[in-house]
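Peer 1: Put together the whole structure using the sequences plus the hints.
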Amino acid sequence: MKIRKVLSLGLAAVMAMGMVPAIPAAAEEPITITIVDWNTGVASDLQKAACQEYMDSHPGIIIDHQTIPYDDYNTKLNTLIAAGETPDIFYASDMAALNYGNDGVAQDLTPFYEADGIDIHEKFITPAIYETDGKVYGLAYGVVATIMYFNKAIFDEAGVEYPSQDPANPDTWDQWVEKLQALTVDQSGNHPGDDGFNPIATRTYGTLAPSWYYHLSAFLHSAGGSFFDENGFALSSEAGLRVIQAVDDLTNKYQVAPTPIAEDALPAVASMFKEGQLATYISGSYEYIDIAAENPEIGIAPLPMFDKPATIGWAACCEMSATTEHPDEVFDFFRWYTEADTNPCHIASNMPNEYKYYEDESLYDVWMDPELYNEDYRAVVPELMANYSNLPEMCYTKNAAQIFDEYVAPALDTIWIGESSVEDAVTTLGENVMSVYQGVW
Amino acid sequence: MKNRKMTPAMRRNLAGYLFIAPALVGLLVFYAFPMLFSLGISFTDWNLRLSPNFVGGDNYKNLFQDQVYLKSIRVTFYYTLLAVPVSNVYALLMALLLNMKFKGRSVVRTIFYIPSIVPAVAAAGIWMYIFNPYNGFMNQLMQYFGWDPQMWIYSPSQVIPCIVVMAAWGAGGTAIIYLAALQGVPTVLYESVSIDGGNAVHKFFYITVPMISPIIFYNVIMGVINSMQVFTQGYIMTKGGPNNNSLFYVLLLYRRAFEQTTMGIACAMAWILFVILGVLTVLNFALSNRWVYYGGE
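Taken in order, these protein sequences are the chains called A and B. Counting from 1 along the first sequence, just add 260 to a position and that's the residue number in the working numbering. Counting from 1 along the second sequence, just add 9 to a position and that's the residue number in the working numbering.
Keep in mind the hints are simulated off the structure, nothing from the lab. The structure displayed is predicted, hence computed values, not measured ones. Accuracy of the hints is not assured; some may be wrong.
[Said to hold, decoys possible] Result set (BS3-like, lysine-lysine): computed pairs, CA atoms no more than 25 Å apart in a straight line:
#, chain 1, residue 1, chain 2, residue 2
1, B, 110, A, 658
2, B, 14, A, 658
3, A, 336, B, 80
4, A, 534, A, 383
5, B, 70, A, 658
[To be verified] Quick partial rundown of chain A residues pointing at chain B, CB under 7 Å, derived from the structure:
#, residue
6, 335
7, 342
8, 363
9, 521
Backbone N, C-alpha and C define an ideal beta-carbon position, used for all residues, glycine too.
Peer 2: Below is the structure:
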């Protein structure tokens with residue numbers, strides 16, 4: 261009996277010792293990092309593959325990657341936050357990016373980069389940094405810029421000189437409009453200004469009016485104006501009125517662009533270019549892949565300027581939860597995910613966030629695959645982005661969605677549809693909008 | 010022990026309570042609680058992210074100085090004032106037609122009813138094509154007759170009437186209710202009018218309308234409630250434009266709640282709408298004595 265007892269005690273002791281290593285193992289339970297974005301289709305597959313790659317090289321980390329379609333994104337993200345389930349890393353729309361930081365949802369990234377010995381402002385381009393009061397709450401993930409696309413064949417056929425492709429010396433607005441008048445032509449071969457020109461039967465439009473407030477803000481920068489400044493409403497300044505009038509004139513005076521209603525009924529821009537129905541087009545670089553797929557020879561130029569060369573660069577940004585349980589691990593993944601060195605897939609149709617990709621031509625291929633991006637794009641966009649891009653006001657106006665969607669866009673609508681003059685619409689806008697304007701971050 | 014035994018009456022009641030419990034719990038959990046919660050939120054500055062701070066009646070006070078909000082009220086009332094009579098008259102005429110005996114009646118009934126089962130998003134797509142000023146059906150029709158093309162949903166003054174036409178087109182459900190009511194009118198009453206020498210107009214105004222007046226009353230109340238909450242057309246077709254002229258109340262509420270995440274303001278808006286609808290319904294009931302006839306009164 262006694263021996264048996266001793267044996268069993270000994271066995272128990274051995275078993276207990278065997279369990280000792282199991283205790284630290286329990287502490288090393290895998291860490292789950294949640295990331296929420298709005299990528300769909302191929303982009304989502306690429307991100308999932310990227311997450312898998314990180315997991316393969318980082319045992320002990322599980323990446324829970326969730327995709328929410330963009331239309332529902334803000335609603336669902338805010339609901340998660342309200343429920344206390346803020347994802348460790350989340351996309352934030354440019355208009356809301358700084359709100360999350362100010363409300364304590366997003367982490368200030370500065371100390372993390374400092375700990376890694378990185379100066380954020382030296383490494384990342386200006387439009388990629390979402391910053392207020394010295395705190396960086398978000399880092400743009402794939403940057404986009406407003407650029408001009410043009411159809412070379414239409415220019416050649418009309419014998420019109422291409423737009424200047426030098427970002428330091430773009431065409432002036434007036435030079436551009438002059439070219440558009442020569443390029444716009446109706447079914448009978450008449451140009452705007454000719455007797456018998458019929459805008460309803462336009463065969464080739466000079467351009468589509470860049471009337472979205474993002475693009476307008478690029479032109480306001482060029483004219484030295486803005487929607488708002490430190491004194492409040494600024495669109496009624498000389499520069500502001502000049503830009504809005506110039507854009508309105510494209511449609512309502514020079515007839516080189518369709519009315520917004522006619523525009524709604526037009527086919528997609530890529531096929532308009534292909535069919536020779538459109539000479540130039542001002543829009544985000546995010547349309548390049550679609551347009552170039554049908555028009556590999558598409559020309560790229562900087563925006564026509566008012567007083568100085570300017571465009572805007574902006575992006576959805578990545579933010580890190582302020583309440584994450586594993587800040588160091590999450591930041592490690594954050595860097596891995598947002599930097600093209602480790603995760604190049606994210607710049608498939610957007611631009612990288614680091615200076616070196618614009619400055620070092622040997623890195624161009626990383627983000628501008630020569631198979632996809634033509635010589636024009638590679639020659640114009642890096643310099644334009646690095647030297648002439650500005651963050652649009654919407655990204656740092658406090659209640660931007662309310663200001664721009666409820667007030668600015670409806671007021672500008674009345675101009676574009678010919679219901680109101682530029683001066684009247686802007687004056688009324690100024691009278692109304694200041695009651696809700698909360699300033700900038 | 011004996012005292013704690015349930016009496017048969019108690020047992021019957023318990024059974025009853027158990028039967029209604031699922032509905033009651035659902036009502037409390039999914040309606041009463043969220044309503045009270047939203048009432049509480051309407052007195053705060055909650056933005057979904059920060060903890061809410063009590064701001065008293067500021068949200069309510071500010072709303073009445075908010076130009077965009079006041080415009081959304083005007084737009085919604087204007088729509089309701091147009092849509093309720095137009096839809097009801099159209100639905101009643103449709104029901105009268107469908108109540109007549111003619112060959113192919115069931116086919117015609119189906120055709121009239123189909124629009125009301127078309128999903129709102131698909132209907133919006135159809136009407137966006139119809140109202141497109143550039144190449145839409147309406148302007149082609151106008152051109153055919155030699156009339157000037159119109160801007161339709163792109164015109165600040167025409168956008169609401171256009172959406173009203175859409176609402177009438179989808180009033181098949183209302184028409185079915187009218188049809189059922191028409192079939193409930195005793196034929197003897199019509200016969201007596203005929204004997205007295207009355208014609209179809211007399212029959213309609215002296216028999217049909219009074220006899221179905223409770224149903225008209227019901228449809229008007231439901232129409233007002235639904236019209237005040239119209240959302241999809243503004244959300245999909247016009248995005249509230251042009252110049253906020255189709256910025257319906259609930260569309261603005263949705264934007265404030267989920268796009269701008271000003272939940273406190275959105276909840277205040279919801280409660281104001283609740284009060285408005287309550288007042289309108291009470292008003293409707295108060296006026297109903299004058300024109301609604303309940304059999305036997």
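Peer 1: Hint by hint, note whether the structure agrees.
Peer 2: Evaluated hints:
Among the hinted pairs, residue 110 of chain B with residue 658 of chain A is inconsistent with the structure: their alpha-carbon atoms are about 64 Å apart, more than 25 Å. Straight-line distance between C-alpha atoms of residue 14 of chain B and residue 658 of chain A comes to about 66 Å, which puts the hinted pair past the 25 Å bound. Taking the CA atoms of residue 336 of chain A and residue 80 of chain B, the gap is about 28 Å. The hint is violated against a cut of 25 Å. Of the supplied pair hints, the one linking residue 534 of chain A and residue 383 of chain A is violated, its CA atoms being roughly 39 Å apart against a limit of 25 Å.
Between residue 70 of chain B and residue 658 of chain A the CA atoms are separated by roughly 22 Å; this keeps the pair inside 25 Å, and the hint holds. Satisfaction of the interface hint for residue 335 of chain A is found here, the shortest Cβ-Cβ separation to chain B being roughly 4 Å, below the 7 Å cut-off. With a least beta-carbon distance of about 4 Å to chain B, the hint placing residue 342 of chain A at the interface is held under the 7 Å criterion. About 4 Å separates the beta-carbon of residue 363 of chain A from the nearest beta-carbon of chain B, less than 7 Å, and the hint is met.
Hint on residue 521 of chain A holds. Least Cβ distance to chain B is approximately 5 Å, under the 7 Å limit.
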